[in-house]
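Chemist: Here is what each chain is made of, one letter per residue.
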Amino acid sequence: SQQGEEDPQALSIQEGENATMNCSYKTSINNLQWYRQNSGRGLVHLILIRSNEREKHSGRLRVTLDTSKKSSSLLITASRAADTASYFCATDTTISSGSARQLTFGSGTQLTVLP
Amino acid sequence: DGGITQSPKYLFRKEGQNVTLSCEQNLNHDAMYWYRQDPGQGLRLIYYSQIVNDFQKGDIAEGYSVSREKKESFPLTVTSAQKNPTAFYLCASSIGRDRGNSPLHFGNGTRLTVT
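Protein chains in written order, with the numbering used here: chain A, 140 to 254; chain B, 8 to 122.
Each hint should be verified, as a subset may be incorrect.
[To be verified] Listed next, the stretches of chain B that the computed footprint assigns to chain A, with coverage defined by at least 3 CB atoms under 8 Å from CB atoms of chain A:
id, region
1, 43 to 50
2, 113 to 121
[As the list claims (entries may be wrong)] In silico negatives: residues of chain A with every beta carbon more than 12 Å from chain B:
id, residue
3, GLU144
4, HIS196
5, ALA217
Hint data in this document are derived by calculation from the structure and do not stem from the laboratory. Ideal Cβ placement from N, Cα and C applies to all residues, glycine included.
Just chain A, same shape as in the assembly:
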């Protein structure tokens, strides 16, 4: 079953606008990560936010985490055509003591930035 679910499934904006994507999850997490995927390529890690953090910035990216609502958002400011990609959230959970970290991906938001 999917742990993280992104919303919206697809988003189309004009260059220069801000893009906001949301992620909801079901169980307790160690951290939440956002990844980007260009068409036909592998995923690239963007940012990791720990469960005890509420907000994190990296360049034009801003991530928030609300553990009480089990949700996170990714904001891309001043978007560019090169930001066009799929964006995935992934939740890091511990299955049981001594087991490997379980990272579960959502189905992604397809962002299109129009020039």
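Given chain A's structure and the hints, the job is docking chain B onto it.
Modeler: For chain B alone, kept in the frame of chain A given last:
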């Protein structure tokens, strides 16, 4: 440059044949992972390995097999028992769970088509 190399990029096979996908990393990472991605969907975990000579089943291991004889290499075999093998396969690695929160590094994937 350090990274993960998956080969080949495209692979075509006839139904009933086994096929092996290659994944090599020179990041000195302990943990390696195989994910499957279907169109418009997120990633699903097939197998993972925390250490050489050890690996664990993920969420959709049926019809797949792996080996981890060397730290750098984690090949995936798609067997004839896999009912829907056509997909995009992604290999990833990470430092390892026991070294704290660390993101996944992905290869650029192998697109397998079985007819």
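Chemist: Decide, hint by hint, whether the structure agrees.
Modeler: Now the hints, each set against the structure:
no.: 1; hint: 43 to 50; in the structure: holds (count 4)
no.: 2; hint: 113 to 121; in the structure: holds (count 5)
no.: 3; hint: GLU144; in the structure: violated, 9 Å
no.: 4; hint: HIS196; in the structure: holds, 17 Å
no.: 5; hint: ALA217; in the structure: holds, 24 Å
Figure legend: structure checked against the earlier numbered hints; the only hint not met is number 3.
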